[in-house]
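Student: Below are the chains, spelled out letter by letter.
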Amino acid sequence: MKTEELIDMLARGPDVAVQRPPARDTAVPLLAGVLASMVLMLILLGVRPDLPQAVRLPAFWLKLGFSVALAGAAWWAALRLSVPGARTAAAPPMLATPVIMLWCVAAVALLQAAPETRAALFWGSTWRYCPPLIALLALPLLAAALTLMRARAAIRPAWAGAAAGLAAGASAAALYCLHCPEMSAVFVGFWYLLGMLAPAALGALLGRRVLAW
Amino acid sequence: MQRISKVTALNTTELRLHALFLQGIDGDAQAYRLFLQATAPHLRAFLRGRLRAWPDEVEDLVQESLLAIHHQRLSYDSAMPLTAWMYAIARYKLVDWLRRHGRRDSLHDAESDENALFSSADEEAGEARRDLAKLLATLPVKQRMAIRYTKLDGLSMREAASALQMTEAAVKVAVHRGVKSLAAIFREVVEDTP
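Residue numbers (this note's numbering), protein chains in the order written: chain A, 1 to 213; chain B, 1 to 194.
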C-alpha cells in the first residue's frame, strides 16, 4: 500500500472532524470503580465504630490527608503519562512531598516516644492485614483507571500503569482510613505505603500489556 | 546565524502544521490532508535515519505512525507544541517496534531530541508491505463496509447510511471502531512479518 492511499483514506469521511467522546465514557468506569471499592469496604470491613470520636483527632486527618494528597498527585501523574509528549518532570516531587512530610512527623513521634513504646508505634495491632486490605480495595479502582487510560496513548506504558496503580492504592487507603483503627504516623508511613505500592507494582506489570497501542 | 535560521524553520513548521491540524480537527478535510501529507516526509526521514539496518520497515512504520496520529488526535492538548506530541508518538512506535523485535541494541539510537522529527524531511516514499484491502477484510462486515463507503468510495454520510440501512450516527460509530481496530491490526501485522 502507498502512504498516499492511507492519507486519502484518513482525510475523508465522517471521522475527519474529531468528536469528543460522551462524558459517560469516562464517568461510567470511574463511578463503577469507586462504587465497587466503597461497597467492598462497607461489606467486608465496615466503618470503625468510634469514627465520630476519631474525626476530632489530628492523627486521623494526618493519615487521611496523606492518602488524599498522594492520590491526587498520582492521578495527576497518570493523566500526564497518558498524553504523548506531555511534561512529567513535576510528578516525582509532587509524589515525594506527602511521603516526606509524613515521614518527618513519624520521625518526631518516634524520637519523642519512650524507647519501649516505639515498636508498638511501628507494628500497631493490624499490620498483618492492613496492606493486603488496601491493595484489595484498590483493585476495582485500578481496573477503572486502566480502562480509561486504554483509550489514551501512554508512551511509557509501565510507568503509566504504575501511576494508575499508585493512584488506585492511595485512593483505596483514603477509604480504608474510615475503617482502620491505627493512629500512628509511623504505622501509616510504612504499612499504608506498602499497601499502595502493591497495586502500583501490579499496575506496572499490567500496564506493559494493556496500555500498549 | 545558521542556528537561528534552523530554529526559525522549525517554528514555521510547527505553526503551519499546528494550524492545519486544528482546522482538520474541526472537520476541514482539505487542511487535514495537507497536514498528513506534510507530516509523512518528516516521519519517513526520522524513521529511516533510525532504521538503517531495516529499510523495508520504514514505510510500514510511517503508516503506523500516521494512523496513530490520526487515531490519537483527541489526546493532543493544544497548550503544548504539536511537534513534541508527534515526536513522542513516532518515537513510541519506533521503540515499540525495536523492542518487539528484540532489537534492544538499537534502542540507544532512538535518542531524545524533540527537534529530530522536524529538522529533516524525506519525500521518497517507499511502498509499505501491507495491503489495505487485506487488512480491511479482517474487520467485521459493518465496520468494513462503513469504512469502504465513507472513506474509500467517498459516499456522503447519508448515502452510506441508506446503503447500509443504518443511522448516520451508527455509521460514524462503525467507522470509528473500524479505524481503531485497524490501528491494532497494523501493529500486529508488522509483528508477524519476518
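Any given hint could turn out to be false.
Stated by the list, open to error - Restricting the straight-line Cα-Cα distance to at most 25 angstroms, the calculated cross-link-like pairs of lysine to any residue (SDA-like) are:
(1) A/K2 / B/S78
(2) A/K2 / B/S162
(3) A/K2 / B/A9
(4) B/K142 / A/A158
(5) B/K180 / A/A27
(6) A/K2 / B/R129
(7) B/K134 / B/S120
(8) B/K180 / A/R24
(9) B/K180 / B/R130
(10) B/K180 / A/P98
(11) A/K2 / B/A137
(12) B/K180 / A/V210
(13) A/K2 / B/Q143
(14) A/K2 / B/D77
(15) B/K180 / A/P115
(16) B/K180 / A/L64
(17) A/K2 / B/V95
(18) B/K142 / A/D25
(19) B/K134 / A/E5
(20) B/K180 / A/R48
(21) B/K180 / A/R209
(22) B/K180 / A/A151
(23) B/K180 / A/V55
(24) A/K2 / B/A38
(25) B/K180 / A/R152
(26) B/K142 / A/R209
(27) A/K2 / B/P55
To be verified - Footprint (simulated), chain B over chain A, 3 or more residues, beta carbon under 8 angstroms:
(28) 1-7
(29) 42-52
(30) 75-84
(31) 116-124
If you're looking for bench data, these hints aren't it; they were derived computationally from the structure. All values reported here derive from a predicted model rather than from experimental measurement. Note that beta-carbon positions come from the ideal geometry of N, C-alpha and C, so glycine has one too.
Student: With reference to the structure, classify each hint as holding or not holding.
Tutor: To see whether the hints hold, each was checked on the structure:
1. A/K2 / B/S78: This hinted pair is violated, its Cα atoms lying about 30 angstroms apart.
2. A/K2 / B/S162: violated (31 angstroms)
3. A/K2 / B/A9: violated (28 angstroms)
4. B/K142 / A/A158: violated (34 angstroms)
5. B/K180 / A/A27: holds (21 angstroms)
6. A/K2 / B/R129: Holds. A/K2 to B/R129 sits at ~9 angstroms (cutoff 25 angstroms).
7. B/K134 / B/S120: Not OK: B/K134 and B/S120 at ~33 angstroms, beyond 25 angstroms, violated.
8. B/K180 / A/R24: holds (19 angstroms)
9. B/K180 / B/R130: holds (17 angstroms)
10. B/K180 / A/P98: violated (39 angstroms)
11. A/K2 / B/A137: holds (18 angstroms)
12. B/K180 / A/V210: holds (15 angstroms)
13. A/K2 / B/Q143: holds (22 angstroms)
14. A/K2 / B/D77: Violated, at roughly 30 angstroms.
15. B/K180 / A/P115: violated (62 angstroms)
16. B/K180 / A/L64: violated (41 angstroms)
17. A/K2 / B/V95: holds (23 angstroms)
18. B/K142 / A/D25: Satisfied, since the Cα-Cα distance of roughly 22 angstroms is no more than 25 angstroms.
19. B/K134 / A/E5: holds (14 angstroms)
20. B/K180 / A/R48: violated (47 angstroms)
21. B/K180 / A/R209: holds (17 angstroms)
22. B/K180 / A/A151: holds (10 angstroms)
23. B/K180 / A/V55: Given that 25 angstroms is the threshold and the Cα spacing comes to 49 angstroms, the pair is violated.
24. A/K2 / B/A38: Answer holds: A/K2 to B/A38 is near 15 angstroms, not above 25 angstroms.
25. B/K180 / A/R152: holds (12 angstroms)
26. B/K142 / A/R209: violated (28 angstroms)
27. A/K2 / B/P55: Holds, because 15 angstroms separates the two Cα atoms, which is no more than 25 angstroms.
28. 1-7: holds (count 7)
29. 42-52: violated (count 0)
30. 75-84: Holds: 3 residues of the region 75-84 of chain A have a Cβ under 8 angstroms from chain B.
31. 116-124: Coverage by chain B is violated here, the residue count being 0 at a Cβ distance below 8 angstroms.
Hints 1, 2, 3, 4, 7, 10, 14, 15, 16, 20, 23, 26, 29 and 31, counting from the list given before, are not met by this structure.
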